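Quick note, the sequences are listed as chains V, F, W and U, same order. Numbering-wise, this note's numbering puts 240 at position 224 of the first sequence, and it's gapless, one number per residue. Numbering-wise, this note's numbering puts 99 at position 83 of the second sequence, and it's gapless, one number per residue. Numbering-wise, this note's numbering puts 143 at position 127 of the third sequence, and it's gapless, one number per residue. Numbering-wise, this note's numbering puts 32 at position 16 of the fourth sequence, and it's gapless, one number per residue.
In short, the hints are calculated from the structure, not lab data. Some clues are possibly wrong.
[Stated by the list, open to error] No more than 35 Å apart at the CA atoms, straight line, and that leaves these computed lysine-lysine pairs for DSBU-like:
| no. | chain 1 | residue 1 | chain 2 | residue 2 |
| --- | --- | --- | --- | --- |
| 1 | U | Lys276 | W | Lys220 |
| 2 | V | Lys156 | V | Lys368 |
| 3 | U | Lys182 | U | Lys117 |
| 4 | W | Lys368 | U | Lys220 |
| 5 | F | Lys276 | U | Lys179 |
| 6 | W | Lys368 | U | Lys156 |
| 7 | F | Lys368 | F | Lys179 |
| 8 | V | Lys19 | U | Lys146 |
| 9 | V | Lys42 | U | Lys19 |
| 10 | U | Lys179 | U | Lys42 |
| 11 | W | Lys156 | U | Lys182 |
| 12 | V | Lys179 | V | Lys117 |
| 13 | F | Lys42 | V | Lys156 |
| 14 | W | Lys42 | F | Lys19 |
| 15 | V | Lys42 | V | Lys182 |
| 16 | V | Lys179 | V | Lys19 |
| 17 | V | Lys179 | F | Lys276 |
| 18 | U | Lys182 | F | Lys146 |
| 19 | W | Lys182 | U | Lys156 |
| 20 | F | Lys220 | V | Lys276 |
| 21 | U | Lys146 | U | Lys156 |
| 22 | F | Lys179 | F | Lys220 |
| 23 | W | Lys156 | U | Lys117 |
| 24 | F | Lys42 | W | Lys42 |
| 25 | F | Lys70 | V | Lys182 |
| 26 | F | Lys182 | F | Lys146 |
| 27 | F | Lys19 | V | Lys276 |
| 28 | U | Lys42 | W | Lys276 |
| 29 | U | Lys42 | U | Lys117 |
| 30 | W | Lys19 | U | Lys276 |
| 31 | W | Lys220 | U | Lys117 |
| 32 | U | Lys368 | U | Lys182 |
| 33 | F | Lys368 | V | Lys156 |
| 34 | W | Lys276 | V | Lys276 |
| 35 | V | Lys19 | U | Lys19 |
None of the values given here were measured: they were computed from a predicted structure.
Number of protein chains: 4
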Amino acid sequence: MGKAHSNAYRQVARFFPELEAQPVLKAICGRNEAEVREAARNLGWETYETDWRKLIERGDIDIVDVAAPGNLHAEIAIAAARAGKHVLCEKPLASSAGQAKDMLNAVEQAQVKHGIFFNYRKAPTIALAKHLIDDGAIGKIYHWRAAYLQDWIADPNFPRVWKLRKEIAGSGALGDLASHQIDLARYLVGEITEVTGMMTTFIKQRPDPDADPPQLAEVNVDDATAFLARFANGAIGTFEATRFALGRKNCNRFEINGSKGSLGFNLENMNDLEIYTQETIAGTHGFRTVNVTSGADPYTAHYWPHAHIIGYEHTFINVVYDAFQAIAVGAMPSPNFVDGYRCNVILDAVEKSAATGQWQEITF
Amino acid sequence: MGKAHSNAYRQVARFFPELEAQPVLKAICGRNEAEVREAARNLGWETYETDWRKLIERGDIDIVDVAAPGNLHAEIAIAAARAGKHVLCEKPLASSAGQAKDMLNAVEQAQVKHGIFFNYRKAPTIALAKHLIDDGAIGKIYHWRAAYLQDWIADPNFPRVWKLRKEIAGSGALGDLASHQIDLARYLVGEITEVTGMMTTFIKQRPDPDADPPQLAEVNVDDATAFLARFANGAIGTFEATRFALGRKNCNRFEINGSKGSLGFNLENMNDLEIYTQETIAGTHGFRTVNVTSGADPYTAHYWPHAHIIGYEHTFINVVYDAFQAIAVGAMPSPNFVDGYRCNVILDAVEKSAATGQWQEITF
Amino acid sequence: MGKAHSNAYRQVARFFPELEAQPVLKAICGRNEAEVREAARNLGWETYETDWRKLIERGDIDIVDVAAPGNLHAEIAIAAARAGKHVLCEKPLASSAGQAKDMLNAVEQAQVKHGIFFNYRKAPTIALAKHLIDDGAIGKIYHWRAAYLQDWIADPNFPRVWKLRKEIAGSGALGDLASHQIDLARYLVGEITEVTGMMTTFIKQRPDPDADPPQLAEVNVDDATAFLARFANGAIGTFEATRFALGRKNCNRFEINGSKGSLGFNLENMNDLEIYTQETIAGTHGFRTVNVTSGADPYTAHYWPHAHIIGYEHTFINVVYDAFQAIAVGAMPSPNFVDGYRCNVILDAVEKSAATGQWQEITF
Amino acid sequence: MGKAHSNAYRQVARFFPELEAQPVLKAICGRNEAEVREAARNLGWETYETDWRKLIERGDIDIVDVAAPGNLHAEIAIAAARAGKHVLCEKPLASSAGQAKDMLNAVEQAQVKHGIFFNYRKAPTIALAKHLIDDGAIGKIYHWRAAYLQDWIADPNFPRVWKLRKEIAGSGALGDLASHQIDLARYLVGEITEVTGMMTTFIKQRPDPDADPPQLAEVNVDDATAFLARFANGAIGTFEATRFALGRKNCNRFEINGSKGSLGFNLENMNDLEIYTQETIAGTHGFRTVNVTSGADPYTAHYWPHAHIIGYEHTFINVVYDAFQAIAVGAMPSPNFVDGYRCNVILDAVEKSAATGQWQEITF
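Isolated chain V, as found in the complex:
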């Protein structure tokens, strides 16, 4: 994440030279001095710190980017806000809705700006999808159907890394992957009102990477989570997030069906949007693959010619562009901690439904 965030700060003004408030990469922070010194040099930071508290105390810093592991988000973000820094935070915002609420309260009390790296919102394809939905191009929405599929832990001998420990990561596929889905669903379809779900751990013990002699350690997060949802506007949704879908590496895909058309997306081909609308010529209806690399969104005109595709890193550049544009004019970035908090509320509800077998109402 540090690499993708650093790249975004370094590159944003190159593609968006009109940006009023251009980032200056003052300092990167990490606990291991040798590593952070090298990271500072490689990634283009002026200086480095080994204690995040020092970073926050520095007077030459206006904005703090929290890209630490999830269990540290709250402490850092709250401290940064209290020190008067604007805060941009990785997702999910917190390990629980309660913690997220504390963070939201802190930034609001400090009256600082806040943003969250739900970066897939900023893919040009998603920006176009949002525009089409808001314009009524697909009508009233009936269905949201999402699957975020990865396979990097399908091998039972893959070690019990920190992402498989609840005490650090908060949850497994749910927080890591479904949080992206929930944010996209809220952005494109609207608020979710109730959920029921299931969470599964297929491989319950894995090699402990730190154990000597070798031994197995418990996996206490979900390998896969699936849930059903109802939206406030009457639509229904299905969500699935897993790290056990062999052959799917980063397949964050969804389909939306409305009364006038449908939209489809897959992150692995993030420049393409599938669009179905009624055609003027009878008998020629079909989903069309739209290469979203020119002009119909706020971003692509700043990059390359039509069909010269962009990659993953540009979603971060776009997050930073939007956030800095907002901050430059005194506005609030979007998405922000409100979105982060609401996502955490829904994540908690999915977990509770999985534990109780009961539908959970969502209240913010």
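Here the structure of chain V is known, so what remains is to put chains F, W and U in place on it, guided by the hints.
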């Protein structure tokens, strides 16, 4: 359905000349004499009847095919069995598990052979999928992910036809579409042990096609149904069936992920199977599109040269081929009323979970 | 071919019951009596003959279908025409343009009806493509780009079968595959005015299947042929036909680009047409995949519901339907021997250009 | 091009920190001082020049990147070489083979390093393709089949810009697009020995963008070019380059068929390589889509996690990485002016064959 079934009986011996018991198309039955007379001529039947009871009394008939609307299946099938006829029935077997159980009891007591038109099992692609799974090619199964998407009633002005009336159709998308999904899941993954689901009717009133003057009539079946499932072997599943997915006409698709590979299918390209397995050359893993039109299954060698694709009707021809081969040697066709009954049990459980908000255990 | 043609005659009236002149399958002809007797029974013919001259003499036969190897087409077709039979012939019509001209002269002098099995014209997708082009939906045509790719002789140990002998087959990939491409190009784009091409035989000797002891025999037809073309309307075209494209089994694909849109087709997914036209919503242009299984063409309404796909055999059924409809009203089937002759003229020109290295003008 | 090249120099050390000779962006050159000053600031250059001769005289510059219009390449590159600078040049190298030969002679006499921006060679997918071919994974190559399709001048009212003027651009689709295809074919398949082709200008007059009052100006370059080729290793090839393929924006695609497998690529999905090889399980052969975003090539390990795709700009970063790695150790970059010259020889041969209607032998 009459057209597809008739075609299957007419064509099966042309493609499978080795078939020992070849169908003779003795009589077709329908209530309207003019229509059934024309159907008999067009579809190649020797004679016709206008009362199904007459058909069952005839001594020149060994096998009865029940393709009437769902609410008539039980009465006809039970009477046919009691008359000593073998019975092949359209899906879903019955309107409820109780009714299905009565049908199963009837054929077992009469000691007649029975089969059910879960025809998609017989697509060559599905036969290959089954073969690969049984051979261990994709290992232990973790995920079943299915969506059966149509859009033919998305227009709110589409009339309230019989398929939208619970008293005739039993249910909506659930019985019509999810029954196919449930059968494929049972066939390929294994038995389902519990489900929780949701059912929705987006358009609650539609024009009554029989009303004069025009008036609206209530829709009392589901427009869309989604549910989560656990399988006996530890896999988890998601199911969705809808008639409101604009642009999807007959998109019966699923993906299965196992510990060694994955499989994907979409009925709209029913000759293709997506297969992911580990490759011998590093860095060249990917889903491959396999055109299943030659030899690796029991059917394609009887049809056309490689990549000269077959269509929808051949799934019915294959059902008839398998059923007649079984009956010729005194064996029981597969799938049969046991599969039909179990599917009805699961359909009932989904409905109950949707009504109660509770997970339902499946017991046969 | 006998199987596909027989199926078409047997099935056409089942799907097109309004057909005025329904085929009666009087007699099939083959040289081996045991084999032709079995074929007659399996494929549904009333009787059989072992000498095609006998068949032509029979008074109960109105139409002769010539599906023999290419080097026999002329003799049979000419004799049949002189006997006053209507003649339907497999493609390519003849082994040379001169021979094709003789055949055309014979049917015209005898004033019988004639047709040719350029069956891919009759795929519903192609019928829709033709309709769109004639309607101006893609504007003035600039490009035709076609590749017909197979791989069944890529193995050097595959034997030197009759299709690899010029004296029987006339040519290799050129006559077998490019003839289909040429016909589709003429149908959809218009007449070709000049060509230049290359022909290659990658494996020049193969095992002789009849030799004992084993020995190699010369392959004297093309393994692959490619050519460039100019059309009368100013469009340019590329054609490639090969039996050495590993992984491509029956990939007969083309793309047409016009001033207002584009069309794409691949026989391996013969129910889908790719269509690109300008959209009303800016930034949403893209090729759409249209599942041509309902109503916009003359055929699909006679088959199955939307997106319940048809297979290869239906192109033959449609050829027979169109031909019999024409003959029933005294009209000439289309395509017919004129199309067959013109295709042979172009095939000869490609061969001559490959031999001389010179562009060849096309004159009919 | 200036933007993509500048980005590559700026970014290369961020992704490849081990690079020994890291670029320092000393000066950018342009004729309009206001514009070049702004470009220098936006793109990250220390200084700027308005006369390329000044740039070449500067002692603080070791490497000159020639990204000017094609008709200026020779003069600048030759002068830079004579001044002892290493030279990296945009493609095509020159407007003619003769000019290219002069450039090659110049760099060789000056004993400077030289490279050319045939950037698509450096896409990870192409690097993997090259690796597979060299490893024998697809066997002996039989076919190269390439189409580079764009549509940006299909509108007859699009003005006669400089790319449509032979005196500046050299040629149209041929030099601009086919040069990329020729380089990829040489890289992946081998040397071309003879060609025959056709060139077409569909719209012969267009609005002159500089005319007042409005008037039409002649287009004297090709809108589309197609040619056939023979390779030294016995393979045959088809090439097509056009700016009139509606719906295709930057579709640089090819397919290679060998005796053991096939490869397919389309620049619009530049992270995916289509691979066909024989499978160990019978009946499961098919093209697989490989997302080349991890480790099997020299580049992807430096970027993002698996299936987090990269975009167009990374091909330039990879060109710069390879060239600087070579220069750092005193080696010659690849591709270089030899490749540029050979490409120009083939471009000239295509033009001559189009003018004469004769096959042209290629001699370097």
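Run the structure past the numbered hints and jot down the numbers of the failing ones, going up. 5, 13, 18, 23, 25, 28, 31
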